[in-house]
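2 protein chains.
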Amino acid sequence: MTPFEYAQSHGEAFVEELKSFLRIPSVSTDPAYREGIRRAAGMLRQRLLEAGFERAEIIPTEGHPVVYAEWMAAGEEAPTVLVYGHYDVQPPDPLELWETPPFEPTVRGDYLYARGVADDKGQLYTHLKAAEACYRTRGRPPVNLKCLFEGEEEIGSVHLEPFIREHRDLLAADVAVISDSHILRPDLPAILYGLRGLAYVEITVSGPAHDLHSGSYGGAVHNPLHALAAMIAALHDEEGRITVPGFYDKVRPLTEEEREELARIPFDREAWLKETGVPTDWGEPGYTIIERTSARPTLDLNGMWGGYTGEGAKTIIPARAHAKISMRLVPDQEPEEIARLLLDYLQAIAPPTVRVEGRVLHGAPPALIERHSPAMEAASRAYEFGFGKRPVLMREGGSIPVVTTFQQELGLQPVLMGFGLPDDGIHAPNERFYLPNFYRGIQTVLAFWEALADGKA
Amino acid sequence: MTPFEYAQSHGEAFVEELKSFLRIPSVSTDPAYREGIRRAAGMLRQRLLEAGFERAEIIPTEGHPVVYAEWMAAGEEAPTVLVYGHYDVQPPDPLELWETPPFEPTVRGDYLYARGVADDKGQLYTHLKAAEACYRTRGRPPVNLKCLFEGEEEIGSVHLEPFIREHRDLLAADVAVISDSHILRPDLPAILYGLRGLAYVEITVSGPAHDLHSGSYGGAVHNPLHALAAMIAALHDEEGRITVPGFYDKVRPLTEEEREELARIPFDREAWLKETGVPTDWGEPGYTIIERTSARPTLDLNGMWGGYTGEGAKTIIPARAHAKISMRLVPDQEPEEIARLLLDYLQAIAPPTVRVEGRVLHGAPPALIERHSPAMEAASRAYEFGFGKRPVLMREGGSIPVVTTFQQELGLQPVLMGFGLPDDGIHAPNERFYLPNFYRGIQTVLAFWEALADGKA
Numbered sequence: 000m001t002p003f004e005y006a007q008s009h010g011e012a013f014v015e016e017l018k019s020f021l022r023i024p025s026v027s028t029d030p031a032y033r034e035g036i037r038r039a040a041g042m043l044r045q046r047l048l049e050a051g052f053e054r055a056e057i058i059p060t061e062g063h064p065v066v067y068a069e070w071m072a073a074g075e076e077a078p079t080v081l082v083y084g085h086y087d088v089q090p091p092d093p094l095e096l097w098e099t100p101p102f103e104p105t106v107r108g109d110y111l112y113a114r115g116v117a118d119d120k121g122q123l124y125t126h127l128k129a130a131e132a133c134y135r136t137r138g139r140p141p142v143n144l145k146c147l148f149e150g151e152e153e154i155g156s157v158h159l160e161p162f163i164r165e166h167r168d169l170l171a172a173d174v175a176v177i178s179d180s181h182i183l184r185p186d187l188p189a190i191l192y193g194l195r196g197l198a199y200v201e202i203t204v205s206g207p208a209h210d211l212h213s214g215s216y217g218g219a220v221h222n223p224l225h226a227l228a229a230m231i232a233a234l235h236d237e238e239g240r241i242t243v244p245g246f247y248d249k250v251r252p253l254t255e256e257e258r259e260e261l262a263r264i265p266f267d268r269e270a271w272l273k274e275t276g277v278p279t280d281w282g283e284p285g286y287t288i289i290e291r292t293s294a295r296p297t298l299d300l301n302g303m304w305g306g307y308t309g310e311g312a313k314t315i316i317p318a319r320a321h322a323k324i325s326m327r328l329v330p331d332q333e334p335e336e337i338a339r340l341l342l343d344y345l346q347a348i349a350p351p352t353v354r355v356e357g358r359v360l361h362g363a364p365p366a367l368i369e370r371h372s373p374a375m376e377a378a379s380r381a382y383e384f385g386f387g388k389r390p391v392l393m394r395e396g397g398s399i400p401v402v403t404t405f406q407q408e409l410g411l412q413p414v415l416m417g418f419g420l421p422d423d424g425i426h427a428p429n430e431r432f433y434l435p436n437f438y439r440g441i442q443t444v445l446a447f448w449e450a451l452a453d454g455k456a
Numbered sequence: 000m001t002p003f004e005y006a007q008s009h010g011e012a013f014v015e016e017l018k019s020f021l022r023i024p025s026v027s028t029d030p031a032y033r034e035g036i037r038r039a040a041g042m043l044r045q046r047l048l049e050a051g052f053e054r055a056e057i058i059p060t061e062g063h064p065v066v067y068a069e070w071m072a073a074g075e076e077a078p079t080v081l082v083y084g085h086y087d088v089q090p091p092d093p094l095e096l097w098e099t100p101p102f103e104p105t106v107r108g109d110y111l112y113a114r115g116v117a118d119d120k121g122q123l124y125t126h127l128k129a130a131e132a133c134y135r136t137r138g139r140p141p142v143n144l145k146c147l148f149e150g151e152e153e154i155g156s157v158h159l160e161p162f163i164r165e166h167r168d169l170l171a172a173d174v175a176v177i178s179d180s181h182i183l184r185p186d187l188p189a190i191l192y193g194l195r196g197l198a199y200v201e202i203t204v205s206g207p208a209h210d211l212h213s214g215s216y217g218g219a220v221h222n223p224l225h226a227l228a229a230m231i232a233a234l235h236d237e238e239g240r241i242t243v244p245g246f247y248d249k250v251r252p253l254t255e256e257e258r259e260e261l262a263r264i265p266f267d268r269e270a271w272l273k274e275t276g277v278p279t280d281w282g283e284p285g286y287t288i289i290e291r292t293s294a295r296p297t298l299d300l301n302g303m304w305g306g307y308t309g310e311g312a313k314t315i316i317p318a319r320a321h322a323k324i325s326m327r328l329v330p331d332q333e334p335e336e337i338a339r340l341l342l343d344y345l346q347a348i349a350p351p352t353v354r355v356e357g358r359v360l361h362g363a364p365p366a367l368i369e370r371h372s373p374a375m376e377a378a379s380r381a382y383e384f385g386f387g388k389r390p391v392l393m394r395e396g397g398s399i400p401v402v403t404t405f406q407q408e409l410g411l412q413p414v415l416m417g418f419g420l421p422d423d424g425i426h427a428p429n430e431r432f433y434l435p436n437f438y439r440g441i442q443t444v445l446a447f448w449e450a451l452a453d454g455k456a
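Chains A and B, in that order, are what the protein sequence lines are. Residues in the first sequence are numbered consecutively from 0, following numbering that gives the first Met the number 0. Residues in the second sequence are numbered consecutively from 0, following numbering that gives the first Met the number 0.
Calculated directly from the structure, the hints in this document are not laboratory data. Zero decoy hints are in this set.
Pairs involving identical chains hold if they fit within one copy or between any two copies, as the list cannot separate such chains.
Cut-off 30 Å, straight-line C-alpha distance, at most; resulting in silico cross-link-like pairs (DSSO-like, lysine-lysine):
# : residue 1 : residue 2
1 : Lys388    : Lys273
2 : Lys313    : Lys273
3 : Lys313    : Lys249
Sequences are here, hints too, so could you generate the full structure?
Encoded structure:
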């Protein structure tokens, strides 16, 4: 029996086993679930050993522990693959919107429903079961394996970067693979090669020392909400380009070749309008919606507030107005520099009637992965085997900070081999995982390993 | 003994009596204080009878009752004066900021501290004690008196307008006087002759059907907060003029004569900057701060909100953004029309990427009182007697809706004969009333009645 056959004939058993992993409420953000984190790490370690790994340990960090495992049985000539995943999950709230309880995994139709099933326990599990399939048939996988499973992805992976920096030798590998993303449709696999970075700032505009009566002072005191609105309005031109001086200076232009590739990704504008509920799209002229949401930098207001926000009428000029502004970045923009450009520009356009303060809340660099590498080619062939179709290459609008850490600290270009679907409902009630993708994912991982071993041999 | 001498020699007794009125917590907005409202109305009726009024009754409304009293002993030849005041008070919160409890009136230095002492129980009391002084000396006042004391001024006088409309005959008078405002300084009396009106709207800008991930959709979905900020920014030009088409069309221009009079009001710009805490003033060019805050119409954001407003970073494009906008109006602007102009303009400038809804929360017409009338002249002479200086005529930025009701329903131009000071702290902790103004106020009211009686005679 081949590992492929073994995996095919054990699909139901794998699902049952995955369910027991999903029953553990490993919510990382809430200290009340600390025991769930501990139990999930423990079970993961045990399963890694059962799948054939020679070594599996729970390594403490200043936050939740990392589960590390390795299996170097393929020999020195074979490539070494570093697998990343995370065993922590989002909080399940709002509980009342779940059809079946979040930590009681339930199969309905082709889907398995549970918190964390797509993000990321089910995806992580494809690698575990691929390893088991090799162990039970050929005794070992065709590549050397190292697993790095963290417990803090949903709370910003704060302790992962120092962990990776301190364990460069332990984590040394030829290829890295991350299964924490989604493909486009069950019949349309996709590999991510670009992720946007982030620069997040909060600004406060101060006017009077305290709230003033708008009857007695209106007309002579510049309203901070007004001043802030005007400053915000000045951050884009009429067509949607960002006006912050220098903002686009370091943006690496899209090549014609890449634009042609991105244009081949199927995109249904009507479905997109329905999904978002907006009357029409908006944004930087000269770029498609796919380019604007993944390959071009943006600036968004994530929150703005000031003055009276309750029911009815209150007649004040507020003392302060606030805004949270985030910018999505693309190579080669740098988060610190972009945040600085924005804050400097806001100071420059602030009228003399108010005071402006800004602070940087968060930053993450953008990531771009070389599309034409042996590992990417191996992944494409593996998807073609597992899903029956060659994957499209695409970029994503969000951030996965570990990608940059792998690039910078380990010198690895990770392959973002996701098996989720866009409508899995991650971070939402009734999160689910499409079971055919789970089975095809295991086949794809097995094919990936073989392709890598072939390439190296 | 003259009424003037009687009042002078009974000042301390009057203050003690006022204290017992102030001990009743007649907070109109909170049903928990219903008993306080009832007791305050009862005490007021009793005191009116004790001051000589022939008739004093508590008349129910759909809200808190009106206390009405009359004393028509001056004869048919004498003018009839309608006195307005209110016996309800603002809530005392935040209690912890009061140096002495809000309903335990306390004299410190020249001030009497208590909730409602300046707004409006102490001011109302000047008329009561003037009446008593006439009663105890000459047996009757020189004019006929009608008193209309309401219990809902702090909650919008909702039931007062219908009450006045239904009691036009009862309230018929030659002159109306309202003591619910302030003069400029103890040595600088003032009579208000203009009050701004109000048009208050709330608008909601809707974009996506639900909050979206700013990583996945940023760049292709128009952020409602952004759209709202741009619309808000478009409501003023760079110099502070309101850009809503038609907004200024019905504004009655200030005459040179009125501007000269307003320019004579002492104004200390440095003190004003210190009081407000703003770096510099702002507003419509070509007008002084006094004109801009009282005689010119304005538009202010009283609140604006949308998206994430908590601690830290959340990366969403909010589904909706909201703003509360109020406009202060001057004659001959009409609240309904101005609200409509604003809402129409917002719809006109709304981009096709969002939907805009607006609703009118509140409106009040502006009021302007004829400056050159026998009653105003009588009031000026009375202030000159009571305060030793002729009063300046001034306009106020806020609204007193009853002024318009008196004008429209009773055909009366009320004299706004206030005795408070700008720093009385009405609606705030440690509200106080300057006792010399209380004593001078009674003298002024007595002099006003005499001047009116002389004029008519």
